[in-house]
Amino acid sequence: MKKMILVLLLCANVLLLADDTPYNFIRFNSTARAAALGNAVVSIEEDASLIFFNPALLQTADEKTLTTTFSKHVLDINSGNIVYKINQFDLDGASLAAQINFNSYGTFDYIDDVGKLYGNGFSGSDLSFGVTYSNELDSNWFYGVTGKFIYLSLETQSSSAFAVDAGMFYRVNERTKLGFSLLHLGTEMSSLNGQSATLPADARIGINHRLKGLPLLINFSFHHLADEVDGFFERFKNFSIGGELYLSKVINLRAGYDNQIRNYASADDNKGLSGLSGGIGIKFEEVNFDYGYAEYGASVGLHRFSLALEL
Numbered sequence: 466m467k468k469m470i471l472v473l474l475l476c477a478n479v480l481l482l483a484d485d486t487p488y489n490f491i492r493f494n495s496t497a498r499a500a501a502l503g504n505a506v507v508s509i510e511e512d513a514s515l516i517f518f519n520p521a522l523l524q525t526a527d528e529k530t531l532t533t534t535f536s537k538h539v540l541d542i543n544s545g546n547i548v549y550k551i552n553q554f555d556l557d558g559a560s561l562a563a564q565i566n567f568n569s570y571g572t573f574d575y576i577d578d579v580g581k582l583y584g585n586g587f588s589g590s591d592l593s594f595g596v597t598y599s600n601e602l603d604s605n606w607f608y609g610v611t612g613k614f615i616y617l618s619l620e621t622q623s624s625s626a627f628a629v630d631a632g633m634f635y636r637v638n639e640r641t642k643l644g645f646s647l648l649h650l651g652t653e654m655s656s657l658n659g660q661s662a663t664l665p666a667d668a669r670i671g672i673n674h675r676l677k678g679l680p681l682l683i684n685f686s687f688h689h690l691a692d693e694v695d696g697f698f699e700r701f702k703n704f705s706i707g708g709e710l711y712l713s714k715v716i717n718l719r720a721g722y723d724n725q726i727r728n729y730a731s732a733d734d735n736k737g738l739s740g741l742s743g744g745i746g747i748k749f750e751e752v753n754f755d756y757g758y759a760e761y762g763a764s765v766g767l768h769r770f771s772l773a774l775e776l
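Counting from 466, one number per residue, gives the positions in the sequence shown under this note's numbering.
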């Protein structure tokens, strides 16, 4: 039986780290690789699943891939995403992909103010699906844009919105890359219970560098730069750093740190390992498996699993 504590957990999950809006779930959309690297992935090429962070990265990915990610939360709460890079159309060298992102909160019991159960319960879920277009300006500059429809449902209520993501990617040289993106720019089309809400717009900028003489890719990014803060420089406290160590052509080890999660996810006296993350990637000829784990508070962590197929 779900108790009121589940409702509180869900509310905390929605309100944590962002402005109060029911559309915050699109901000927590991630893959196992991205989560392991602290989501400092806005400038990582050759991975179609990272279009959730920068749609320009699609053009740098393999010709035709299917990537799925699954995340298991507490009780019946599950989330995941799917990215399919399409190769059936003649786009004059451009790339096209379809993406789906979902959250399922399971079922809830109706509970009155004295704790008595009644009724048959209700459910809640979030869903977004979109199409990404990406192309190159030249051999070093790439751009991309995503249009996506967002739908939320809770009990008998629902809301919908439309948003756009846009991004740029630049190869500085063989070992250094830059990325920039604007995410979740859009408007609500229908509202929950007649109460209008805004979308959680985000701006990200990042750089990565592959060390010379060491098989290590260092990633750094600022994120949530569009958030309302007390001072201009306060927004730059929202940064992430991640490292990917290539042990062989098959195995990669990953670790990351997200300073925003560290600052806001737990009380000052009980931060634990908040903000830290890690994982592993195993790459075969046509199949990639990734695992990522991230700490969001004292004894609160999230496991993610991703599978990528080259079709």
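Take these hints with a grain of salt, some might be off.
Below, simulated BS3-like cross-link-like pairs (lysine-lysine); rule was C-alpha separation at most 30 Å, straight line [what the hints assert, rightly or not]: (1) K736 to K714; (2) K702 to K537; (3) K736 to K702; (4) K702 to K529; (5) K748 to K677.
Simulated from the structure, these hints should not be mistaken for laboratory data.
In this text, all values refer to a predicted model and were calculated from it rather than measured experimentally.
Hint check results:
Restraint check for K736 and K714: the C-alpha separation of about 36 Å exceeds 30 Å, so the hint is violated. Of the supplied pair hints, the one linking K702 and K537 holds, its CA atoms being roughly 29 Å apart against a limit of 30 Å. Between K736 and K702 the CA atoms are separated by roughly 17 Å; this keeps the pair inside 30 Å, and the hint holds. Under the criterion of a C-alpha separation no larger than 30 Å, the hint pairing K702 with K529 is inconsistent with the structure, at around 37 Å.
Pair hint K748 plus K677 holds up; C-alpha atoms about 22 Å apart against a cutoff of 30 Å.
In summary, the numbered hints that this structure violates are 1, 4.
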